[in-house]
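**Q** If you want the building blocks of each chain, they are given just below.
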Amino acid sequence: MSLFSFLGTLEIGLIFGLVAIGVYLTFRVLDFPDLTVDGSFTMGAAIAAAMIVSGINPYIATVCAVIGGAAAGMVTAWLNLRFNILHLLASILTMTALYTINLRIMGKPNVALIMEPTVLSPFEALGLSNMYLKLIFVAVVVVMIGLAIAYFLNTQYGMGMRATGANPRMAQANGIVIKQKIYAGLALSNGLVALAGALFAQTNGFADSTMGIGTIVVGLAAVIVGESLFGSRSMLVIIFSCIIGSLLYRLAVSVALNADFLGFTTSDLNLITALLVGLALIVPHIRREQKARKAAALGGEA
Amino acid sequence: MISCKDIKVTFNAGLATEKRALRGVDLEIPQGEFVTVIGSNGAGKSTLLNTIAGDISASSGRLLFDAWDVTKVSAAGRTADVARVFQDPLAGTCGNMTVEENMALAYGRGKRGGLLPALNDDLRVLFREQLKRLNLGLENRLDAEMGLLSGGQRQSVSLLMSALQPSKILLLDEHTAALDPKTAALVMDITDQIVEEKKLTVMMVTHSMRQALDHGTRTIMMHEGKVMFDLKGSERSNYEVKDLLNLFAKARGDGEELDDDKLLLGA
Ligand SMILES: Nc1ncnc2c1ncn2[C@@H]1O[C@H](COP(=O)(O)OP(=O)(O)OP(=O)(O)O)[C@@H](O)[C@H]1O
Ligand SMILES: [Mg+2]
Numbered sequence: 001m002s003l004f005s006f007l008g009t010l011e012i013g014l015i016f017g018l019v020a021i022g023v024y025l026t027f028r029v030l031d032f033p034d035l036t037v038d039g040s041f042t043m044g045a046a047i048a049a050a051m052i053v054s055g056i057n058p059y060i061a062t063v064c065a066v067i068g069g070a071a072a073g074m075v076t077a078w079l080n081l082r083f084n085i086l087h088l089l090a091s092i093l094t095m096t097a098l099y100t101i102n103l104r105i106m107g108k109p110n111v112a113l114i115m116e117p118t119v120l121s122p123f124e125a126l127g128l129s130n131m132y133l134k135l136i137f138v139a140v141v142v143v144m145i146g147l148a149i150a151y152f153l154n155t156q157y158g159m160g161m162r163a164t165g166a167n168p169r170m171a172q173a174n175g176i177v178i179k180q181k182i183y184a185g186l187a188l189s190n191g192l193v194a195l196a197g198a199l200f201a202q203t204n205g206f207a208d209s210t211m212g213i214g215t216i217v218v219g220l221a222a223v224i225v226g227e228s229l230f231g232s233r234s235m236l237v238i239i240f241s242c243i244i245g246s247l248l249y250r251l252a253v254s255v256a257l258n259a260d261f262l263g264f265t266t267s268d269l270n271l272i273t274a275l276l277v278g279l280a281l282i283v284p285h286i287r288r289e290q291k292a293r294k295a296a297a298l299g300g301e302a
Numbered sequence: 303m304i305s306c307k308d309i310k311v312t313f314n315a316g317l318a319t320e321k322r323a324l325r326g327v328d329l330e331i332p333q334g335e336f337v338t339v340i341g342s343n344g345a346g347k348s349t350l351l352n353t354i355a356g357d358i359s360a361s362s363g364r365l366l367f368d369a370w371d372v373t374k375v376s377a378a379g380r381t382a383d384v385a386r387v388f389q390d391p392l393a394g395t396c397g398n399m400t401v402e403e404n405m406a407l408a409y410g411r412g413k414r415g416g417l418l419p420a421l422n423d424d425l426r427v428l429f430r431e432q433l434k435r436l437n438l439g440l441e442n443r444l445d446a447e448m449g450l451l452s453g454g455q456r457q458s459v460s461l462l463m464s465a466l467q468p469s470k471i472l473l474l475d476e477h478t479a480a481l482d483p484k485t486a487a488l489v490m491d492i493t494d495q496i497v498e499e500k501k502l503t504v505m506m507v508t509h510s511m512r513q514a515l516d517h518g519t520r521t522i523m524m525h526e527g528k529v530m531f532d533l534k535g536s537e538r539s540n541y542e543v544k545d546l547l548n549l550f551a552k553a554r555g556d557g558e559e560l561d562d563d564k565l566l567l568g569a
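These protein sequence lines are chains A and B, in that order.
Position 271 (the first sequence) corresponds to 271 in this note's numbering; numbering is contiguous.
Numbers given in this note's numbering equal positions in the second sequence, counted from 1, plus 302.
There's no promise every hint is true.
Calculated pairs, SDA-like style, for lysine to any residue (alpha carbon to alpha carbon, straight line, at most 25 Å) [to be verified]:
| hint | chain 1 | residue 1 | chain 2 | residue 2 |
| --- | --- | --- | --- | --- |
| 1 | A | Lys179 | B | Ala378 |
| 2 | B | Lys374 | A | Leu7 |
| 3 | A | Lys179 | B | Ala393 |
| 4 | B | Lys470 | B | Leu329 |
So these bits of chain A aren't anywhere near chain B, every CB distance computed over 10 Å [what the hints assert, rightly or not]:
| hint | residue |
| --- | --- |
| 5 | Ile114 |
| 6 | Glu124 |
| 7 | Ala125 |
| 8 | Gln172 |
| 9 | Gly263 |
| 10 | Leu276 |
Don't read these hints as lab results, they were simulated from the structure.
Remember, predicted model here, so these are calculated numbers, not experimental data.
Here a beta-carbon is modelled for each residue, glycine too, at the ideal position from N, C-alpha and C.
Could you build the full structure based on these sequences and the hints that come with them?
**A** Next up, the structure:
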């Protein structure tokens, strides 16, 4: 793997670390499996790209992208909480609707940003090569957000969110308004994913209406890889294991694609992802079974 | 403190499975009274407590805490006044959070959850102090995951949690039923201490006639969604377990003698 593609892999891995944090918030913290992210990732990219192209400041465009993603998450929460639509189904509805909305936002299937200003433009004067600048910028943003989310999950509000997912009845008995936490959690999660989309569009120079497909699986893969490596209860460790999981996942995929003897091509990416996620789910399961069998055998002798 | 005015609760109204769990409960519980609630399975005891806590909203009737009409207030909205301990030790705590995190959640009950850290060293000192009362060594396991504790330990912590914030009403639904006799006695002991300290108004559901008479200041018996007997004062102090059992037999409408001090199945 060339240095250039290695740095590129790290950069995408970091950006998808935000997706992984978002997925962790819904799937693990709130116990609300949310597939909206496939749509909100694209939405973040679409809003940022469309606004930048029309001459709006990239930072304002990025903030609007986050708000758009958060709104999409709220729609999913609303469908589920107000009308009792199953969370998975509610999120698939939003995601499907977003496909059209994103096309409308961009006005065409893709928007190029190559010559446009981006959130990186103010730092270009530093004289760093673009390759490193992008990586450092993304790393700083992702680490700061990681710290902020870890802090948030340890606040009274954030802990209430965790209780909402872990034991809603207990949460309620302790005065936590669980609907409010679900709205907030889905908004936060999809806002982060949209931010990832907006950053991706600006660092890679384009937004595309299909770029979000499979985002959820990649996010889940990162969460699961992270979880299987670090078994901690500390929020800081958990959030950073999402980011590291995302980096490792990207590296694994790029190694798999680069290893000629494996014969994979870019179009095999989805199969590789499915295999990785599958492995990450199957291995701990088998380990648990073996442990149980061993314990049972020991018990039998005693 | 608690006034129930003709409270009715019907589950699955209009369906074949319609169930009238409460059929008009009228109850006045003054401040500081400790009411033990007995009755056979399905009598509506849990439904009554859940209605007071706000988990279930009454189909008709009114519920007041002093002058505050809470009939339409959500469960979370009532928690400034109401604390509770569930029958199931798993229900009152979050298994995947630590002991101190669970206590911090309970410490935030009735307050607006803000963006300040939920835990700090002052709180840890307070939590440790509280946990010492249990004599279970939990004061050294603040950062242990709740799910690793035994049912009795979890229930004891739930009870402490219910008292971390001032409240006026404490609802206990068979909170010692899942515990071994020794732990149950310990939990009852701490219950009495907390109630005494905080001058709480208490409703405690139990299936043990002994517990029902030994604790509290008043005993009500529920049957088929209504309050069947209401014992207090000197009348109550003259009651023995066997008198209660006779009441039960009467409620069931058969002359059959019951000799266990626990009430068994049948409604
Ligand atoms: N959510 C519900 N939906 C339908 N029926 C219910 C529901 N909850 C309770 N019931 C029914 O209402 C009646 C009263 O139930 P409740 O749980 O209040 O009884 P209980 O007195 O607490 O009994 P136990 O001693 O077994 O705990 C029962 O017949 C029960 O089946
Ligand atoms: Mg019950």
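**Q** If a hint holds in the structure, say so; if it doesn't, say that too.
**A** The hints, checked one at a time:
no., hint, in the structure
1, A:Lys179 - B:Ala378, "holds, 11 Å"
2, B:Lys374 - A:Leu7, "violated, 58 Å"
3, A:Lys179 - B:Ala393, "holds, 19 Å"
4, B:Lys470 - B:Leu329, "holds, 17 Å"
5, Ile114, "holds, 40 Å"
6, Glu124, "holds, 35 Å"
7, Ala125, "holds, 35 Å"
8, Gln172, "violated, 5 Å"
9, Gly263, "holds, 42 Å"
10, Leu276, "holds, 25 Å"
When the structure is compared with the earlier hints, violations turn up for hints 2 and 8 and for no others.
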